[in-house]
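For the sequence shown, full-length UniProt numbering begins at 1 and goes up steadily by one.
Accuracy of the hints is not assured; some may be wrong.
[Said to hold, decoys possible] When the alpha-carbon atoms are kept at most 30 angstroms apart in a straight line, the in silico BS3-like pairs for lysine-lysine are as follows:
| id | residue 1 | residue 2 |
| --- | --- | --- |
| 1 | Lys581 | Lys600 |
| 2 | Lys789 | Lys600 |
| 3 | Lys975 | Lys959 |
Just so you know, these hints were derived from the structure itself, not from any lab.
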Amino acid sequence: MEEHEAQVQQVSKEIEREGTRSIDDVRGTRHRATPETHKESEFAESTVLAIESAIEDFRCGTLSKQRAIFRIVTALGIRSEEEDEPKLRALGEYTAVLNGFQTESDRAIGRGERESNAMLVTAHAASKRRRGSTQPEGTISGGRPEQDESVNEFLTRISKSNDNGSDDSDGSGGSDEDKTDGYEGRDGYQGQSNKKQRIFESDMPWFTSEAKTRSQRTKHSCNTTQNILDLLQKDSATVKRWIRGAISAPAKFLSSEWDTLIKGDAVDLDTVFKWDTLIKGDAVDLDTVFSALHFLNYPEENVGRIGPTEIHFGRPKPAKRIESSGQWTAAWNLTVKATSFLFPHRYDKLRSYGEYMERLFLIKSVSIHPRLFKYDDATNSMITMKPSWRRMEWDQKDRVGGPEMLQDAQDVQVGDPKSVTVSMQLGGASSGRNAHSSTSASHANNVDMENWTAKSLRESEIVGKRPKYLRHNVFRDDGRVSRSTAEWTLSALPLPQPPPTEINNPIVNKTIRENPDLFEVRTPINVDQFECLLERHPNRPFVVSVVESLRNGFWPWADTHIGEYPDIWDGSLPSPNDDAKRKFLRNQRDVEIRMGRFSKAFGLDLLPGMYSSPTYQIPKAGTSEFRLVTDHSAGPFSLNSMIPRKYIAGYPLDNMTHLGEMLRDIKRKYPNEDIVLWKLDISEAYRNLPVHKVWQVKQINTIDGMRHVDRRTCFGGKGSGSDFIAVNGCVTWGAKYKRNIEWITTYCDDSFGPERASKMLFYAPYNKYMPRNQVKLLQLWDEIGLPHKEKKQISGTVIDIIGFEVDANLMTITLPPQSKRELCNYLKLVARNPKDLKCAVKFNLREFQQLAGWFNWGLNVFPLLHPALCNIYAKMPHANPDKPYTKLYVNNLIRADLTWAIDHMEVLSGIHVIDSSDWELEDADVHAICDASLTGMGFWFPEYDTGYACQILENLLGKIIFYYEALCVLCALLKSDIIVPGAIRVVLYTDSFNTVQIFNSMAALPEFNEILKMAVNHILRNADRNISPTQVDLRVVHIPGKKNIVADALSRGLFHVAIDEVPSLRIHDFTPPEMLKPLGGRGL
């Protein structure tokens, strides 16, 4: 007995040396057995039967694994390692069979299923080849029949049709990992081996160079992705089962798409979600994603089943294709959630790609969006065509051309037979060829050019088409409205709930448990009616999170730094000395207690876990009244310091763009009717939302030394605005899609829109007629319990909306006269001449910051005046930011900028919605192409075969090339009015991206600011004469240097080169404008 135990130990060591193989490996080895290893007559039949008996007893659970190995060793008669090597090899194979049974048994227990007899059939078939067939075909020693003949024939037929030609004649069909395992190759690279063929990737002729390339180019994140893929694909069925049971896994993700991700392929966004796709690591099909996300029935999956076996015949056909940017965004956000569930390290990359695509959707007209969908498909195709260690690297999208410039091959890959190309379309330019690839320059000769990527070049083109300085004041002209807060809710992520660390915090729990009267979750909103309003909202996770937050309290995305921050912190302030302020605080406290928003006072001391932030009053703008403020940003352990900004970013506020597009739309549909505007305001906006009890512990207000629990979100909370946008966004969705309020937009607690003047309804609570849409929204608010006050609900042809005066019939947006007058007067105060005062003009840093903020607000309707801030921003760094009361001089440059702005502002009427429409570059009145060198400048007008050139003047010598490039663009702008008198839409091309940036932001360093101011003077040349339109609509766009041959030749004086390119070109000289003094206003 001791001798046999010693033999078992020796065999175990042998198995450890050779490595334990899976049952599928044994199957493969059986099939590949050669006469040199295992001959059919090698072991006696009695030996084989004894071994199979031991295996059968182990499979049935009547024999332990150790005893089964003992019986096998005894049957084989192993005596020594040297003499019995064939027997040891056979022992290793039989041990692998035992291991396979044990693995399958464990899996069967997890699935709640009985283990299949397939392995025993395989083992019996292999052993039968050793001893010869002595039993009837189709039975084994236990007398059980083998697999059904028809099933075997079907699976064999499927196997033979497989392109890979894998040999799974036993019907077992081993997993991908069993067929292709890692192999330690040169340089530590894990190559691939196919065990059935006994070949290794390291034996291939390309392996050396391939391994070197991979080691040099593979990123850490790619290696992490590949490691996760390897892990997922070891047992994808079990992984899927775990995913389906995971509470944190995204809902509405189809099973097949998980497989795709685990394979490393692309996701179908039209059908999302399918977990199979993710598990395989494939690219998810966004059409498939969208079908599952927005429809009650999932897309039909092409799956056949034979008993417990599933056979997938391709991917499911999407029930609906993505047709809009909102649909793409909704599907993409769900894809990001699922992908980051399996690959957490990819979240930031995926989000950045989504944001990049959303920017494209925002700045492109709707007619271009189908091309963007193809661009996204081509991007995914390029990524997933790479080997698995490169998959899911979104920066590989730079290899694809721009969204309008997809190559034919890329379109074929995504299933579109049509080529998507774009023409430079420079009017009557001599070369009207289509651009079939990205227009990026491979290199740049100009010294001001950066290191270019395809992405930066595409973004430069985008910047040129939609200037940044215009902000939101470019309105669509296609009858549609940009995505608003209501549509944002379709793709919004769910609101957070308190993390387990907070729910289980013993200190906080003890305080809440012992003081139940202090902590209460209550809201005036009728949550049941609110939930009923959203019962058909497609984004169920988001809606459910909002409803649960209304019932249980909102959690502000906080990390309370348990163990780092103190358990108790008191940042409260003493009572003010002023009687009026002290009286206001007391009265406001009493109101809050009466409304149930504050608890009653519970004493002078804080309880465990409590934080008290400073509470004080500030004056309301334009009145003598006060407003109560709780400063959650004050102190080293402030509540706002617990809330990362990244979690609250991205919650949208509708703006004048949406209102302008609605005005254009209603005017287009009803051109002969008068239009009115309406605006509604929710009373006590943030104060209607409850916070969770574990956060109420942190919201302690101290007034007159007494402590009160604040139970609602407050205006000083970092997450309060995002929470309210989520709630009001849902209400606006219900108003738009359930109550059919067509023209409605939302800015936090304000809702507004246009309506026909003839459509009025009577609203009984206010006892008056109001615009129809305004009444319908008020009725909805009444149903769900949102409070409102009559004095803040306004309507009319001209009303103030979020601080701007909007005229519905003139279709203008400007500053209210009083606000405009106050701003101009303050600018004049700052720009006073020190000679008249006989002393220097100085303001402290904080006053400079307030001036910049105020002026920035005015730029929403006077965007071209941005250069006036140039020297103010240049002055502020002279003071230490930590010393806000440091005095700064108002110098002559600042004074000149401000007087220049005042003169324009007093004349300008604001934004003319009817004139500020989006347009394509080819629709311009005139195009010019510009370039500059260190010796000269040149530009030409392709439609008119007219060029201009000049040498750098003596007074301009010594400046950097960037200055000449910008000055050349200015000169082309001035000349455009001569080439096409009265030209409004002007497009200027330059190969200097720096020049593109300054003209499209109207912001530059002081050295270049005079160029911008002179350009603005030309753009606004009609303003003084009250001619409509009052300004030129300028676009400065990047062009690759290799396409800028003519202008480059003109700038260098190589006129023969320019004429060779355009034989009909007529060349003139020009003189740039003088800019020896800063441009000021007429008063200087």
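- Hint check, failures only: Every hint satisfied by this model.
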